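Just so we're aligned, residue 1 is where the sequence shown starts under our numbering, counting upward by one.
Some clues are possibly wrong.
[Claimed, not checked] Here are the in silico distance ranges between beta carbons for each label pair:
(1) Thr-351 to Ala-538: 49 to 59 angstroms
(2) Gly-390 to Val-547: 41 to 51 angstroms
(3) Thr-393 to Leu-288: 33 to 43 angstroms
(4) Asn-252 to Gly-458: 51 to 61 angstroms
(5) Ala-283 to Ala-484: 20 to 30 angstroms
(6) Lys-335 to Thr-491: 34 to 44 angstroms
(7) Thr-102 to Thr-400: 35 to 45 angstroms
(8) Ala-224 to Gly-435: 56 to 66 angstroms
(9) Gln-287 to Asn-59: 40 to 50 angstroms
(10) Leu-288 to Thr-412: 29 to 39 angstroms
[Stated by the list, open to error] Straight-line alpha carbon distances no greater than 16 angstroms define the calculated EDC-like cross-link-like pairs of lysine to aspartate or glutamate that follow:
(11) Lys-478 to Asp-375
(12) Lys-258 to Asp-108
(13) Lys-117 to Glu-160
(14) Lys-190 to Asp-242
(15) Lys-335 to Asp-60
(16) Lys-153 to Asp-82
(17) Lys-190 to Glu-135
(18) Lys-335 to Glu-286
(19) Lys-117 to Asp-147
(20) Lys-190 to Asp-226
(21) Lys-117 to Asp-176
(22) Lys-335 to Glu-55
(23) Lys-190 to Asp-136
Just so you know, these hints were derived from the structure itself, not from any lab.
This one's a predicted model, so the numbers in the text were calculated from it and none came from an experiment.
A virtual CB, placed ideally from N, CA and C, is assigned to each residue, including glycine.
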Amino acid sequence: MRRTRKSPLSTLLARLAALLGLVVLGALCPGTAQAAQEPGVRAAGLHISNGRLVEGNGNDFVMRGVNHAHTWYPNELGSLADIKAQGANTVRVVLADGHRWTANTASDVANVVTQCKANRLICVLEVHDTTGYGEDSAAGTLDQAADYWIGLKNVLAGQENYIIINIGNEPWGNTDPAGWTAPTIAAIQKLRNAGFQHTIMVDAPNWGQDWQQVMRTNAQSVYAADTTGNLIFSIHMYSVFDTAAEITDYLNAFVSAKLPLVIGEFGGPADQWGDPDEDTMMATAEQLHIGYLAWSWSGNTDPVLDLVLDFDPARMTSWGQRIFNGANGIAQTAKEATVFGGGSTDTQAPTAPGTPTASAVTATSAQLSWTASTDNVGVAGYDVVRVGGGTETKVAASTTNSVTVTGLTAGTAYSFAVYARDAAGNRSARSATVGVTTANTPAGSCSVGYRVVGEWQGGFQGEIVIRNTGTAAITGWKLGFTFADGQTVSTMWGGTAAQSGGSVTVTPASYTNTIAAGGSVTVGFIGAKGAANTAPAAFTLNGAACVNG
Numbered sequence: 001m002r003r004t005r006k007s008p009l010s011t012l013l014a015r016l017a018a019l020l021g022l023v024v025l026g027a028l029c030p031g032t033a034q035a036a037q038e039p040g041v042r043a044a045g046l047h048i049s050n051g052r053l054v055e056g057n058g059n060d061f062v063m064r065g066v067n068h069a070h071t072w073y074p075n076e077l078g079s080l081a082d083i084k085a086q087g088a089n090t091v092r093v094v095l096a097d098g099h100r101w102t103a104n105t106a107s108d109v110a111n112v113v114t115q116c117k118a119n120r121l122i123c124v125l126e127v128h129d130t131t132g133y134g135e136d137s138a139a140g141t142l143d144q145a146a147d148y149w150i151g152l153k154n155v156l157a158g159q160e161n162y163i164i165i166n167i168g169n170e171p172w173g174n175t176d177p178a179g180w181t182a183p184t185i186a187a188i189q190k191l192r193n194a195g196f197q198h199t200i201m202v203d204a205p206n207w208g209q210d211w212q213q214v215m216r217t218n219a220q221s222v223y224a225a226d227t228t229g230n231l232i233f234s235i236h237m238y239s240v241f242d243t244a245a246e247i248t249d250y251l252n253a254f255v256s257a258k259l260p261l262v263i264g265e266f267g268g269p270a271d272q273w274g275d276p277d278e279d280t281m282m283a284t285a286e287q288l289h290i291g292y293l294a295w296s297w298s299g300n301t302d303p304v305l306d307l308v309l310d311f312d313p314a315r316m317t318s319w320g321q322r323i324f325n326g327a328n329g330i331a332q333t334a335k336e337a338t339v340f341g342g343g344s345t346d347t348q349a350p351t352a353p354g355t356p357t358a359s360a361v362t363a364t365s366a367q368l369s370w371t372a373s374t375d376n377v378g379v380a381g382y383d384v385v386r387v388g389g390g391t392e393t394k395v396a397a398s399t400t401n402s403v404t405v406t407g408l409t410a411g412t413a414y415s416f417a418v419y420a421r422d423a424a425g426n427r428s429a430r431s432a433t434v435g436v437t438t439a440n441t442p443a444g445s446c447s448v449g450y451r452v453v454g455e456w457q458g459g460f461q462g463e464i465v466i467r468n469t470g471t472a473a474i475t476g477w478k479l480g481f482t483f484a485d486g487q488t489v490s491t492m493w494g495g496t497a498a499q500s501g502g503s504v505t506v507t508p509a510s511y512t513n514t515i516a517a518g519g520s521v522t523v524g525f526i527g528a529k530g531a532a533n534t535a536p537a538a539f540t541l542n543g544a545a546c547v548n549g
C-alpha cells in the first residue's frame with residue numbers, strides 16, 4: 001500500500017503487549033473514567049457538544065466515509081463524486097506538508113475543499129508526513145504539520161461548517177509512544193493560538209492503533225488542553241483489533257467518558273499481520289453512533305485494501321462491497337450533513353420505482369434497470385434489495401436507474417426489488433420484484449502458481465496465486481492439492497485450510513471469495529516441514545484441474 005504499515009515484528013510485539021498488559025493498562029486509565037469537561041467556547045460550524053460531533057445547528061453528525069490518497073494521485077480528484085455516489089457523507093483526504101512528500105499548495109487545498117462541498121461531502125484534511133514519527137526516520141513532526149496548517153489559514157478560515165483538520169496521520173510509531181502526548185497538546189494549542197476555530201482531529205500513536213493505550217490514558221488531559229473543546233480523537237483499527245472484546249472495550253471507553261472519537265482508518269481483509277474484525281468495528285460504531293472512515297478508495301501499492309480498483313467505481317472489490325453495501329455499511333447508515341440539505345423539512349417520499357428488469361446475467365452478477373421515480377424535490381438515489389421470504393438484504397446502491405449487482409453465487413435463484421430515496425432521507429414504497437437465476441460457473445478455467453517465500457529449520461512460508469483464465473467470475477471456490485513430504489499448514493491468510501494427511505483444501509476469505517475473469521487472488525500460509533519440501537504437483541479448483549504454473 002502507499003501508506004506505511006508496521007513491520008510484522010512490531011505487530012507481534014504489539015499483540016503480545018496488548019494481551020499481557022490489557023488489564024494493567026485499563027487500571028492505569030483514570031482519564032477515561034471521568035466525563036470530559038465542557039469548555040464554554042464553541043465554533044460556529046462543526047463542533048463538539050456533550051462528547052459528540054455536531055453541526056453548527058446542533059444536529060448530530062456521524063461520519064460515514066472513506067480515505068482518498070489525493071497527495072499521491074492529484075489527478076483523481078474526480079473520485080469524490082464517485083465516493084458520494086456510493087452514499088458516503090465524509091471523505092478523509094491525504095495531503096502532504098513538504099517534509100516527506102511534495103507539499104499540497106494553498107490553491108490545491110482550496111480546490112479540494114471546493115470539490116468536497118460540490119459533492120456534498122464533509123472533508124477531513126490530514127497531513128500524512130507525520131506517519132510513524134520516532135520509528136520511521138522520514139517522518140515529520142506534529143509541530144511542522146501545525147505550521148503547514150497555519151500557512152493555509154486563509155484557505156481554511158470560514159470553512160468550519162465543511163472541514164475538519166486532522167493535524168497529522170499516525171504521528172508516532174511504536175518507539176516510546178508515551179512521547180505522543182506533549183507534542184499533540186502543543187500542536188493543538190499552536191493552532192488555537194493562531195486563531196483556528198475548526199474542529200481538530202488527532203490520531204493515536206502506535207501507528208494509529210494505540211495498542212499501548214497512550215491516547216486512551218491521556219485523552220482527558222489532551223481534550224482539556226483545547227480551550228474550545230472542539231477536539232475529536234481518531235483511532236486506526238487494523239490487525240491489532242482482531243477480536244470483538246478489544247474493539248468494544250476501546251470504543252465504549254471513550255463514549256462512556258464523553259470523549260469524542262472516530263475510527264479514522266480501518267481495514268478488514270486479513271494480511272500477514274492478522275485479520276481485523278471489521279464486522280464488530282462497523283456494528284459497534286453504528287450502535288454507539290460514532291463515525292468511521294474506511295481505508296481506502298484506491299491506489300494502494302498492495303490492492304488488498306482498495307475499495308475499487310484503478311479508481312474505477314465499476315470495479316468495486318469485495319472490500320468495497322463490504323464497506324458500501326454490507327451490514328452497517330455506508331449506503332445503509334450514512335446521513336448527509338444538514339449543511340448540504342440533509343435532514344430538511346421535506347417529508348414527501350419519492351414515488352415507487354418501476355419493476356426492475358434483468359440483463360447481462362453471469363455466474364456472479366446481474367444488471368438491473370427500472371423506470372425512474374419522481375419526487376417533489378429530487379430523487380437522491382436508489383437502494384436495491386434482495387428479497388427472500390419476509391426479509392430484505394440491501395445489495396447495491398445507485399444514483400441512476402440501473403446498477404450491476406455483484407457477488408452472487410453461480411446457479412442460484414434470486415429475487416430483487418428497488419427503493420428510491422431523496423436527500424431528506426424519505427424512502428419510497430418498494431418496487432415489484434424481479435427473479436434472476438445466475439449462470440453456472442465454468443470449471444477448469446484456472447491456473448495456480450505456488451512458491452516458497454522463505455524456509456527455516458522445521459518451517460516455511462508459502463504463497464499460492466489462483467488465476468481465473470476463464471471469461472466469467474468464479475465465486476465461492478475450493479482449492480485442492482496434496483503435499484508429498486508430510487508438510488502441514490499451521491496459519492493461513494486469504495483463505496482457510498483444512499488438511500487430512502497430505503491432502504489440503506482451501507476455502508476463501510471474504511475478500512478473496514470472488515476471482516474476477518482474468519483476475520487472481522493470493523493466499524499465503526505458514527507451514528511445518530521435515531527435511532524435504534517438495535511443491536505440490538497438481539491443483540484443482542472446484543474439482544476441476546488447473547494449469548500448474
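#### Entry: Pair hint outcome, Lys-117 versus Asp-147 [Cα-Cα no greater than 16 angstroms]
violated, 25 angstroms
### Message
Given the hinted pair Lys-478 and Asp-375, is their Cα-Cα distance within 16 angstroms?
### Response
violated, 47 angstroms
### Query
Taking only the CA atoms, is the gap from Lys-335 to Asp-60 under or equal to 16 angstroms?
The hint holds at about 10 angstroms.
### Task
Take the C-alpha atoms of Lys-190 and Asp-136, compute the straight-line distance between them, and say whether it is at most 16 angstroms.
violated, 24 angstroms
### Query
Taken at face value, is the distance from the CA of Asp-108 to the CA of Lys-258 at most 16 angstroms?
Given that 16 angstroms is the threshold and the Cα spacing comes to 36 angstroms, the pair is violated.
### Message
Hint check: Lys-153 vs Asp-82, CA-CA at most 16 angstroms. Holds or violated?
### Response
violated, 29 angstroms
### Message
Against the 16 angstroms threshold, does the CA-CA distance of Lys-190 and Asp-226 hold or violate the hint?
### Response
holds, 10 angstroms
### Pair hint Lys-190 and Asp-242, alpha-carbon separation not exceeding 16 angstroms
violated, 36 angstroms
### Message
Against the 16 angstroms threshold, does the CA-CA distance of Lys-190 and Glu-135 hold or violate the hint?
### Response
violated, 24 angstroms
### Query
Range hint 34 to 44 angstroms: satisfied by the CB atoms of Lys-335 and Thr-491?
At 41 angstroms between Cβs, range holds.
### Task
Can you let me know if the beta-carbon spacing of Gly-390 and Val-547 is within 41 to 51 angstroms?
For Val-547 against Gly-390, whose Cβ atoms are near 46 angstroms apart, the range 41 to 51 angstroms holds.
### Query
Taking the CB of Gln-287 and the CB of Asn-59, does the distance hold inside 40 to 50 angstroms?
violated, 20 angstroms
Of the numbered hints given earlier, the model fails hints 3, 4, 5, 9, 11, 12, 14, 16, 17, 19, 21 and 23; all others are met.
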